[in-house]
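Peer 1: Put together the whole structure using the sequences plus the hints.
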Amino acid sequence: MTDTTTPTPESLLATYHKRRELSVVQPKGSLALVNTQWVDSEQTIYGVPGTWAPLPAGESGLLVTAVATDNITVDGVLVEGEAVVRGKDSDAPSDIDFGAGKTGFVIASEAGNYALRVWDANSEDIQKFGSIDAFPYNPEWVVTAKFTEIPGGKTVGFEHLKDDGNTRDEVVPGEITFTKDGVDYDLAAFKSGRALQLVFADATNGDSTYSVGRFLFVAPRPDGTITLDFNLAVLPPCAFSYNFNCPMPPKQNRFAVPIEAGEKNVLQKDGSLLHAV
Numbered sequence: 488m489t490d491t492t493t494p495t496p497e498s499l500l501a502t503y504h505k506r507r508e509l510s511v512v513q514p515k516g517s518l519a520l521v522n523t524q525w526v527d528s529e530q531t532i533y534g535v536p537g538t539w540a541p542l543p544a545g546e547s548g549l550l551v552t553a554v555a556t557d558n559i560t561v562d563g564v565l566v567e568g569e570a571v572v573r574g575k576d577s578d579a580p581s582d583i584d585f586g587a588g589k590t591g592f593v594i595a596s597e598a599g600n601y602a603l604r605v606w607d608a609n610s611e612d613i614q615k616f617g618s619i620d621a622f623p624y625n626p627e628w629v630v631t632a633k634f635t636e637i638p639g640g641k642t643v644g645f646e647h648l649k650d651d652g653n654t655r656d657e658v659v660p661g662e663i664t665f666t667k668d669g670v671d672y673d674l675a676a677f678k679s680g681r682a683l684q685l686v687f688a689d690a691t692n693g694d695s696t697y698s699v700g701r702f703l704f705v706a707p708r709p710d711g712t713i714t715l716d717f718n719l720a721v722l723p724p725c726a727f728s729y730n731f732n733c734p735m736p737p738k739q740n741r742f743a744v745p746i747e748a749g750e751k752n753v754l755q756k757d758g759s760l761l762h763a764v
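Residue numbering for the sequence shown follows my numbering, beginning at 488 and increasing consecutively.
Accuracy of the hints is not assured; some may be wrong.
What the hints assert, rightly or not - Ranges between beta-carbon positions, derived for each pair:
1) Y533 - K633: 15 to 23 Å
2) R708 - K649: 44 to 52 Å
3) Q524 - G563: 18 to 26 Å
4) A579 - S498: 39 to 47 Å
5) D650 - T556: 34 to 42 Å
6) K756 - D576: 33 to 41 Å
7) D668 - P623: 19 to 27 Å
8) T666 - E529: 52 to 60 Å
9) D576 - D650: 15 to 23 Å
10) V630 - L565: 19 to 27 Å
11) S498 - T666: 28 to 36 Å
12) Q755 - K641: 22 to 30 Å
13) R708 - E529: 46 to 54 Å
To be verified - PhoX-like, lysine-lysine: derived pairs with alpha carbons at most 25 Å apart:
14) K515 - K505
15) K738 - K649
16) K667 - K756
17) K756 - K515
18) K678 - K641
19) K575 - K649
20) K738 - K678
21) K641 - K738
22) K505 - K633
23) K678 - K575
24) K678 - K633
25) K505 - K756
26) K515 - K678
27) K649 - K515
28) K615 - K515
29) K615 - K505
30) K667 - K615
31) K615 - K756
32) K575 - K515
33) K678 - K649
Keep in mind that the hints were calculated from the coordinates and are not lab data. No residue lacks a Cβ here, since even glycine has one placed at the ideal position from N, Cα and C.
Peer 2: What follows is the structure, given as structure tokens:
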């Protein structure tokens with residue numbers, strides 16, 4: 488007999504939450520990132536073998552020098568001598584395997600320098616992880632807003648956690664506006680794949696939720712409406728690993744009221760915080 492029962496918002500949220508908890512413990516999930524190290528000169532990198540160096544200006548990636556016993560493979564080929572590791576800004580970025588569950592890839596900065604990211608499928612944080620604490624489903628924070636496209640978009644500077652107050656320009660393709668409890672909001676969300684990424688803060692941050700803020704991924708409809716379901720708000724990657732450098736909410740995305748919906752904090756198996764907020 489087929490079950491035709493319509494899922495409740497609470498049950499849909501529970502399924503979403505379980506999938507989120509599974510995603511962060513994957514081999515390249517947020518809890519697996521153990522190092523992000525920028526390479527501006529020939530150097531070693533903590534936790535992995537080999538010597539790493541920049542490539543000539545204009546070339547994507549890093550140069551690794553290793554012996555066969557280092558057991559580094561780049562794009563499936565064991566490194567014995569030198570190998571170019573192409574960055575994520577390349578049309579064909581390289582994959583690195585260090586063995587024993589450790590992998591890596593190279594990321595680029597806006598300034599054109601490169602870092603090695605190291606992932607460990609057996610990281611200490613994965614071993615300690617218990618759950619992602621979250622609020623119960625809260626229908627009060629399912630908001631229908633208006634999306635107004637800005638031709639060509641507008642540039643908004645987003646600070647990042649580790650950038651010492653400097654901003655990075657992101658193109659915001661439109662305005663997200665709504666009124667709730669007598670307060671008008673005009674939010675800025677930038678493109679993230681096929682969705683828009685809203686980086687926001689609220690009065691719960693540093694109290695019942697992670698201090699830096701949270702993310703919400705949304706998509707406008709053809710009729711210009713957009714649903715902001717804050718029950719689907721997620722913790723940024725930097726809540727799971729100090730090796731991420733997350734964007735921080737711009738001033739217009741900082742709510743003076745508590746948004747008691749969505750994810751709250753990352754917990755260890757004993758229920759304590761995995762990382763300080």
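Peer 1: All hints, please: hold or fail.
Peer 2: Results for each hint:
no. : hint                    : in the structure
1   : Y533 - K633: 15 to 23 Å : 48 Å, violated
2   : R708 - K649: 44 to 52 Å : 36 Å, violated
3   : Q524 - G563: 18 to 26 Å : 23 Å, holds
4   : A579 - S498: 39 to 47 Å : 42 Å, holds
5   : D650 - T556: 34 to 42 Å : 38 Å, holds
6   : K756 - D576: 33 to 41 Å : 38 Å, holds
7   : D668 - P623: 19 to 27 Å : 20 Å, holds
8   : T666 - E529: 52 to 60 Å : 57 Å, holds
9   : D576 - D650: 15 to 23 Å : 19 Å, holds
10  : V630 - L565: 19 to 27 Å : 53 Å, violated
11  : S498 - T666: 28 to 36 Å : 30 Å, holds
12  : Q755 - K641: 22 to 30 Å : 42 Å, violated
13  : R708 - E529: 46 to 54 Å : 52 Å, holds
14  : K515 - K505             : 17 Å, holds
15  : K738 - K649             : 18 Å, holds
16  : K667 - K756             : 37 Å, violated
17  : K756 - K515             : 21 Å, holds
18  : K678 - K641             : 12 Å, holds
19  : K575 - K649             : 20 Å, holds
20  : K738 - K678             : 18 Å, holds
21  : K641 - K738             : 16 Å, holds
22  : K505 - K633             : 30 Å, violated
23  : K678 - K575             : 18 Å, holds
24  : K678 - K633             : 17 Å, holds
25  : K505 - K756             : 16 Å, holds
26  : K515 - K678             : 22 Å, holds
27  : K649 - K515             : 21 Å, holds
28  : K615 - K515             : 16 Å, holds
29  : K615 - K505             : 17 Å, holds
30  : K667 - K615             : 39 Å, violated
31  : K615 - K756             : 6 Å, holds
32  : K575 - K515             : 15 Å, holds
33  : K678 - K649             : 21 Å, holds
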